[in-house]
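Work out the full structure, taking the sequences as your base and the hints as a guide.
Protein chains in written order, with full-length UniProt numbering: chain P, 1 to 354; chain H, 1 to 276.
Source of the hints: derived by calculation from the structure; they are not laboratory data.
Backbone N, C-alpha and C fix where the C-beta goes; we use that ideal spot for every residue, glycine too.
Worth double-checking, as some hints may not be accurate.
[Stated by the list, open to error] Where chain P lies over chain H, by a calculated footprint (3+ residues, C-beta under 8 Å):
id: 1; stretch: 21 to 27
id: 2; stretch: 58 to 68
[Claimed, not checked] Here are a few chain P residues that sit away from chain H, every Cβ distance over 12 Å (derived from the structure):
id: 3; residue: Val43
id: 4; residue: Ala62
id: 5; residue: Ser140
id: 6; residue: Ala149
id: 7; residue: Val174
id: 8; residue: Ser185
id: 9; residue: Glu194
id: 10; residue: Trp213
id: 11; residue: Ala221
id: 12; residue: Ala247
id: 13; residue: Leu292
id: 14; residue: Asp297
id: 15; residue: Leu337
id: 16; residue: Ala340
[As the list claims (entries may be wrong)] Example chain P residues on the side facing chain H (calculated, C-beta under 10 Å, incomplete):
id: 17; residue: Ala99
id: 18; residue: Arg198
id: 19; residue: Gly249
Listed below are the residues making up each chain.
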Amino acid sequence: MSALSAAPAAGRPVRAARAGLVAAALAAALVAALTLAVSLGAVDIPVGEVWTVVGRRIAGEAPEPGTRDLIVWQLRAPRALLAAVVGAGLGLVGTAVQAMVRNPLADPYLLGISSGASLGAVAVIVLGAGVGSGLGLGVSAAAFAGALASFALVWALARRGGGFSPLRLVLAGVGIGQFLSGFTSFLVLQAGDEQQTRGVLFWLMGSLGGATWSQLAVPAAAVCLALLALQARARSLNSLLMGDETAAGLGVDVTRLRRELFAVTSLLTGVLVAVSGAIGFVGLLVPHVCRLLVGGDHRRLLPVSALAGAVLLVVVDTLARTALDTQEVPIGVVTALIGAPVLLFLLDRRLERG
Amino acid sequence: MRISIDDVTVTLAGRDIVSGVTLVAAEGEIAGLVGPNGSGKSTLLRTVYRHLRPRTGRVLLAGRDIRSMSTAETARHIAALPQERGGDFEFTVCEVVAMGRSPYKRAFAGDDAADHEAVADALDQVGLAGYEGRGFAALSGGERQRVLLARAFAQRPDVLVLDEPTNHLDVQHQVELLALLRAQRRTTVISLHDLNAAASLCDRLHVLHEGAVVASGTPREVLTPELLAKVFGVRAAVVEHPLTGDPLIAFDHREPAGPHPSGGAGRAFVSRSGHP
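Here it is in structure tokens:
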């Protein structure tokens, strides 16, 4: 017994130390991925030059004249950073939603928010800027308005009967999501020309194209705020995974916690989808991979999921931009092609382990 | 600390599951709840650890209504072991037990030396020192139940609330768990299916039947053949356990309770509850 108690007694320190290493490795990977993302493209710019341009800009010196500054600073840097922000947000939301509904198959889009966003965006694209500008809305703003509308609908349905139970949330989310997707599909059929159809498809599959510096602030702030709000509730999230009664016995007001989680995850999802469309698989996959890396404790899992999501999406977006010479692949296609096999592999491992 | 359930009624979906229950567990006493399936044991316990809110009535901890405390404060005094067995989300034993410290922690606070000590103590008490790094999901049912009990101990509670803790355990693990609880001498409210286990463990028993307490007292006072026939619908002899001297209920496993001498309530109850 003494031999037994000596050896693995360090369960917590070992995992905590490992989580530190994982986080450091992911942070390094993120810097590397961002650098490569800015370096690679139709015109490759050597890594050293990338940092020269960025250094001048950060130091506040006058930007160098010519296309290099334009490509690095105006085109690629905001897009790479937006990929990082959206990826971090999706990883974060995925982790929180899986705990909220206590289901490892949940993803940020389970609760119908993205369907509302898509409907809003597609409506403006198809019915024309006339409708959008009539309401004073651009595509992103319309998407966020759609997300808020579906959030309100799901909230109203999920709260009934003392509510916000996992089953109620999922049923309400899936129901509203399908309902709104019906409208979206109808609108897609009304799309007048090929240009519109392409725009709609890019939206539905997700895209980070056309990212600008001014687009970055809102999602970046939203991700930071959500990370703070969730990290403050990390212990409660742990308890929630053990069961509602267990969480109540540990002093968690379960209904209030779910309400807060639903609000935080929905608002963040709305912001993310508004800037990038519904990029699939990141929010489903990242939490699973991160649980394997650092375990299930949300105090470590949440920040690591955010980092891992950021790295993943920067890499995937770079692939989407550069895989084909002739055109850009929608990022959702790449996440699905990479994400689905990885998910199946993880699932297989899990089932084998029993 | 003394815990009293004072005239508690719980209504779920318009139906009174528990109606007007009053009972007390004195300081250091083990109070057992027994009763057939659906008699309201779990529902009553859920009001004590604040998963459910009573429609009327109160739960008092040393005279204070627990609803007047924050949920975290309640959890610093009352630790619960519900019937949930925990999911499959990659927690280690140490992480599960450390959850017992969450009622003491503010947002963003890390674990300190006191937390580590409470976790180590709790694992020690349930005989699982050295299991810290093991995966919770990979443990056997008996080990898992002990880990969950350690989580409750890590809360350093004044009162333990246990809902059928011996369910799904083999007999050796049942006995170990009961011995552990007996040795704790902590104020405990426990629901038990196994009447012999209840008779050996509990200082007092409260018999629930259709949401109301129909008998309270020491196991010897409460567990009579008449009550067993009336409430549980079984024929049984109550004898003295040859090893321990506790009341031992010898069930007649061949036949349900026959017509009761004092008015045939036994048979009537049995057929009404759908066990002909």
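Results of checking the hints against the structure:
1. Here the stretch 21 to 27 of chain H counts 0 residues with a CB under 8 Å from a CB of chain P, which misses the bar of 3, and the coverage is violated.
2. For the stretch 58 to 68 of chain H, the proposed coverage by chain P is not satisfied: 0 residues have a C-beta within less than 8 Å of a C-beta in that chain, short of the threshold of three.
3. The claim that Val43(P) lies off the interface holds: its Cβ sits roughly 44 Å from the closest Cβ of chain H, which is beyond the 12 Å cut-off.
4. Here Ala62(P) stays apart from chain H, with its beta-carbon at least about 42 Å from theirs, past the 12 Å limit.
5. With a closest Cβ-Cβ approach of about 32 Å to chain H, Ser140(P) is found to remain outside the 12 Å limit, as its non-interface label requires.
6. Against the 12 Å criterion, Ala149(P) stays outside the reach of chain H, whose nearest CB is about 31 Å from its own CB.
7. Look at Val174(P): its CB is around 21 Å from the nearest CB on chain H, clear of 12 Å, so calling it non-interface holds up.
8. In this structure Ser185(P) is separated from chain H by more than 12 Å, as the shortest Cβ-Cβ distance comes to about 35 Å.
9. The beta carbon of Glu194(P) sits about 46 Å from the closest Cβ of chain H, which is more than 12 Å, so the claim that it is off the interface holds.
10. Non-interface status of Trp213(P) relative to chain H is upheld: no Cβ of that chain comes within 12 Å, the nearest being about 31 Å off.
11. Against chain H, the non-interface label of Ala221(P) holds: every CB pair exceeds 12 Å, the least being about 19 Å.
12. In this structure Ala247(P) is not separated from chain H by more than 12 Å, as the shortest Cβ-Cβ distance comes to only about 9 Å.
13. Against the 12 Å criterion, Leu292(P) falls within the reach of chain H, whose nearest CB is about 7 Å from its own CB.
14. The non-interface label for Asp297(P) is inconsistent with chain H: the shortest C-beta to C-beta separation is roughly 5 Å, within 12 Å.
15. Listed as a non-interface residue, Leu337(P) keeps its Cβ farther than 12 Å from every Cβ of chain H; the least gap is roughly 26 Å.
16. At the 12 Å boundary, the C-beta of Ala340(P) stays outside the reach of chain H, the nearest C-beta of that chain being 21 Å off.
17. At a threshold of 10 Å, the smallest CB-CB gap from Ala99(P) to chain H is about 8 Å, leaving the interface hint in force.
18. Residue-level restraint check for Arg198(P) is violated (minimum Cβ-Cβ distance to chain H is 41 Å; threshold 10 Å).
19. This hint holds: Gly249(P) has a C-beta 3 Å from the nearest C-beta of chain H, less than the 10 Å allowed.
In summary, the numbered hints that this structure violates are 1, 2, 12, 13, 14 and 18.
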